[in-house]
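Here is what each chain is made of, one letter per residue.
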Amino acid sequence: EAGVAQSPRYKIIEKRQSVAFWCNPISGHATLYWYQQILGQGPKLLIQFQNNGVVDDSQLPKDRFSAERLKGVDSTLKIQPAKLEDSAVYLCASSLWLPGEETQYFGPGTRLLVL
Amino acid sequence: AQSVTQLDSHVSVSEGTPVLLRCNYSSSYSPSLFWYVQHPNKGLQLLLKYTSAATLVKGINGFEAEFKKSETSFHLTKPSAHMSDAAEYFCVVSSTGTASKLTFGTGTRLQVTL
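Taken in sequence, the protein lines are chains H and Z.
Residue 115, in this note's numbering, is where the first sequence stops; the numbers in between run on with no holes.
Residue 1114, in this note's numbering, is where the second sequence stops; the numbers in between run on with no holes.
Hints may be right or wrong, so weigh each one.
Using 27 angstroms as the maximum straight-line C-alpha spacing, the simulated DSSO-like pairs for lysine-lysine come out as follows [what the hints assert, rightly or not]:
(1) Z/1058 <-> Z/1069
(2) H/44 <-> Z/1042
(3) Z/1042 <-> H/78
(4) H/62 <-> H/15
(5) H/62 <-> H/11
(6) H/83 <-> Z/1042
(7) H/44 <-> Z/1069
(8) Z/1069 <-> H/11
None of these hints come from the bench; they were simulated from the model.
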């Protein structure tokens, strides 16, 4: 079974530029998550989708971050404009939408460096 | 509200000796608890999970964890460390239900020496 795919793996941009990350979840997983992991910390949830609807985006900095999941499969996360403090690893995860099946499976992440 | 406290930010063991990574949790509901491992430049991999079945949970690569409700703990152990176990380990708590939200601890870096 293929895992969660993410691209690109690495990205270096200058502050005030824009950047986009892509995620393809495990086939059949209705729930998709984006996390931000700053160096030395645990991942922090940015946004959670159920199919193509947003379940939780309370931690998403909406003035600069946006995410979409058109057609309920692939998802993109965008930052515009980027700030230095956005340097982090952006992780995508997916899970089934079933009671008791909360296990989230993570992709390899996209490492972003903002200069 | 839910939270996780990993009691050690860094643990160093010799190869072949036991591993103990400590985790305490707080949750308003019956929690699900997980341990994830993250090797350098790799994604998070699920080691094991507790979801209100057996309190002693066995995971991959010889790891296991015991859920102790009275102590609100979920410590991770392994009888004999291997060099390949060197990584960052995260204890994670989740509220039950379909809209579960994971709360991660700050991580414990495991170092394994010869």
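For each hint, the structure was consulted:
In summary, the hint linking residue 1058 of chain Z to residue 1069 of chain Z is supported, as the alpha carbons are separated by about 17 angstroms, within the 27 angstroms threshold. Distance check on the hinted pair: residue 44 of chain H and residue 1042 of chain Z sit about 17 angstroms apart at the alpha-carbon level, within 27 angstroms; holds. Distance check on the hinted pair: residue 1042 of chain Z and residue 78 of chain H sit about 22 angstroms apart at the alpha-carbon level, within 27 angstroms; holds. Restraint check for residue 62 of chain H and residue 15 of chain H: satisfied, since their Cα atoms lie roughly 17 angstroms apart, inside the 27 angstroms limit.
Between the alpha carbons of residue 62 of chain H and residue 11 of chain H the distance comes to roughly 21 angstroms, so the proposed pair stays at or under 27 angstroms and holds. For the proposed pair residue 83 of chain H and residue 1042 of chain Z, the alpha carbon gap of about 24 angstroms is at most 27 angstroms, so the pair holds. This hinted pair checks out: residue 44 of chain H and residue 1069 of chain Z have alpha carbons roughly 25 angstroms apart, not beyond 27 angstroms. This hinted pair does not check out: residue 1069 of chain Z and residue 11 of chain H have alpha carbons roughly 43 angstroms apart, beyond 27 angstroms.
Checked against the numbered hints above, the structure violates only hint 8.
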